[in-house]
Amino acid sequence: MELLSINGISKRLGGQTVLENVSFQVRSGEFLSILGASGCGKTTLLRIIIGLTPPDSGTISLGGCDITNRPPNERRMGIVFQNYALFENMTVLRNVEYAMRLRPELRATSRQVAMDLLEQLGLAEHARKYPAQLSGGQMQRVAIARTLALRPSVILFDEPMSALDVAARLALREELKRIQRQSGATMLYVTHDQEEAFAMSDRIMVMGAGGQIHQLAAPAEILQNPADDYVRCFVLDNLQTKIALLLQYAVK
Amino acid sequence: MKLQKNTLNMSAVLLGCFFLVAVIMPLLQMFAACWQADVGKIFANPLVLQGICNSVCVSLTATIFSVTLALLLAWCLRRTGVRGKSLFQVLLLLPMLVPSISHGMGLVIIFGANGRLSNLLGLDGGIYGFWGIVLGSVMYSFPVAYLMLSDVLQYEDYTPYEAAAVLGLPRRSVLAVITLPYLSKPLLNVIFATFTMVITDYGVPLMVGGRYKTLPVIMYEEVIGRLDFAQGSVLGLLLLLPAVAAFLIDMFCRGRVGAGFVSRPFVVRRSPARDCLAYVILGAVSLAVVYPLLSFVQLSVASRYPRDMSFTWHNITATLDKGALTYLGNSVAIAVAVGLIGTAAAFICAYLTVRMPCRGGKFLHLMAIISLAVPGIVLGLAYVMFFKGSFIYGTMVVLVLVNIIHFFSSPYLLMYNSLGKLNPNLEAVGATLGISRLRLIKDVIMPQTVGTLLEMFVYFFVNSMMTISAVAFLANAKTRPLSLMINQFEAQTLLEAAAFVSLLILVVNLALKGCVYILKKLLQMHDRRNVYD
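If you read the protein sequences in the order shown, they are chains X and Y.
Take the first sequence: its letters are residues 62 to 313, numbered as in my numbering.
Take the second sequence: its letters are residues 1047 to 1579, numbered as in my numbering.
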């Protein structure tokens, strides 16, 4: 079932066409990765979907409702940034419960909900710490907990693991999949890392320059039937090089 | 949400209007007055020509001494192993807390006809004139040059030196290849800033210039004495030139300083001989800084300086009887108002230009930093011409306004840098979580920049306490701040009273700095306690 529908989105920034007539659908509860090289407009697309940047043309609908002109906080969506964007002057617990405390209907249960989320993400012991005392992986978990607190139906991720080391990435991958299963949230994940996209996604959207969609399919489908040369080159060749290198080292 | 955005847009428009009235229109009025002046006649006047020549000579000489001294001191405190660096730093920066006119007076007290040192050394009291101005200007400007250079040396990356050591470069080439290229741009910047500071100052030449008249003194006399605004404007325009040049050079150099991140702080090698030399230099300069201030104390409490040094309260009570307390009240009231309003305005302005890219952002930024290019004496003159006859003229309001504009750019740039360092996505996160901008500013942005806010307040306050350049044109008997009394007392040959007034300003500034220092320490402790809970 389609939850989120992006219809003919175009955007020009600084005289350059960043996105041109981009359309695709996101199914309810799926993990969809948007995979593309740096500068292809992935982040702009994400910002348009959540309402931080207005599109020049096109519409966005969620569950059949047109939300193109709604402010970001009325879209039932959350976003997690690469650089965490935590509130440095607040404790971990405060970071998670802050937005809930500002809403009268959520205030009463905010402490309980925040503690539960921290527990779920393995952060309970760090609740009283400040972001500066945490590792990158822990900070990103706090950012995720902060986003989950408002129970969004769609969560957007803007290259959330780029700043993390390999071990933290692998751990967080598992975590994200588990959160998705538990919460049933739909996840839209922007990345330039082929491996990451293939390891986590239900479907992958391969995006080229100007927001051109080369292929939108399940990982296995892309591996077996790449739609065009771009997909073959950008996705498969890169992956195969990596695998070949790994094999080489393994043999040695 | 819409309403919030409108509030911020409204404040941008308000700030724009504020700058229009408080910066652009007064300056335009002054420029317009230049058209009415008979420029040919002004420049045919030998007095003016001599003034220009004097100003340039004195400023060039003072700049060379001041920057050399500053470089030496920065080297002593950043590149040697001396102990008690923070104490030396405090002593070296003391001159920044008294008006420039007090430095001139310090020289008169020490080297004047009846001065302590002139008696001791058998000098004939010939401090008045060229060397007097140079000496006073160096005293007044070297701490600023030192602060700038000290920053530059502090943030120099040590990795190139390590690379040079690994490559086996000789010491001389290291200096030529690494140190000098690194220093060249900041040094140029410091030289221009110091030159501008000295050439636009009239506190020192007023006090020790004697018959050696510099441009600001001539301008002051033209405007205050003869009410010749047209000629004053032309001279003001002339003084604007070095300031604008310094401003452009600063803009040109700013990208460079602090742009690179330090990968390794500088490592100071052990060298007792070098440290000894540094102690001698630091000790001598500290003495030269403290001695005039101590002589202010002596002068304030001695019965008849320098012959009868017995203690008396008489000088102090006499100064208080002349209304010193009232004027101190004026000064503190102005300084507090400038501190509060200025800090708030500079914060809002910096927030708008850094974190809310709006159409007028560039204009606001330019307006906020333009005061770097307008000397106080020029701003004061422009204000007299523009605000004369308006309802705020002759009130405290105009004094507060002129000080806010005069000292706006430095605190603004402090906040500009602080806000630029905060995570760029905070507002985006706020928007998606339904946290309004104003809420975010109050709960997240301001708590993270509280240290900068305090520093901004201190800067506005301290400078308002000691400025004479802009306010000299605008104050009247009722609104006069304390700093202007120094000049007046000196003119009445009441040196004791002038010395006591200088001390009062120093004490108030030191007290405020001390309070803010303690407050900052408390905030740090509070943070640390929370962190390690």
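The reader is advised that the hints may include incorrect statements.
Some chain X residues close to chain Y (C-beta under 8 Å, calculated; not the full set) [unchecked claim]: (1) Leu113; (2) Phe142; (3) Ala146; (4) Asn150; (5) Ala160; (6) Leu163; (7) Leu211; (8) Tyr310.
No more than 16 Å apart at the CA atoms, straight line, and that leaves these computed lysine to aspartate or glutamate pairs for EDC-like [as the list claims (entries may be wrong)]: (9) X/Lys303 with X/Asp263; (10) Y/Lys1488 with Y/Glu1473; (11) X/Lys190 with Y/Asp1573; (12) Y/Lys1087 with Y/Asp1274; (13) Y/Lys1231 with Y/Asp1197; (14) Y/Lys1467 with X/Glu256; (15) Y/Lys1488 with X/Glu149.
Hints listed in this document are in silico derivations from the structure and should not be mistaken for laboratory results.
Please read these numbers as outputs of a predicted model, since none were measured by experiment.
Idealized CB from N, CA, C, for every residue including glycine.
Hints, verified against the model:
1. Leu113: holds, 5 Å
2. Phe142: holds, 5 Å
3. Ala146: holds, 4 Å
4. Asn150: holds, 4 Å
5. Ala160: holds, 4 Å
6. Leu163: holds, 6 Å
7. Leu211: Holds, because the Cβ-Cβ distance from X/Leu211 to chain Y comes to roughly 6 Å (cut-off 8 Å).
8. Tyr310: violated, 31 Å
9. X/Lys303 with X/Asp263: violated, 22 Å
10. Y/Lys1488 with Y/Glu1473: holds, 12 Å
11. X/Lys190 with Y/Asp1573: holds, 11 Å
12. Y/Lys1087 with Y/Asp1274: At roughly 13 Å apart (the allowed maximum being 16 Å), Y/Asp1274 and Y/Lys1087 satisfy the hint.
13. Y/Lys1231 with Y/Asp1197: holds, 13 Å
14. Y/Lys1467 with X/Glu256: violated, 32 Å
15. Y/Lys1488 with X/Glu149: holds, 14 Å
The structure fails hints 8, 9, 14 (numbered hints given earlier, in ascending order).
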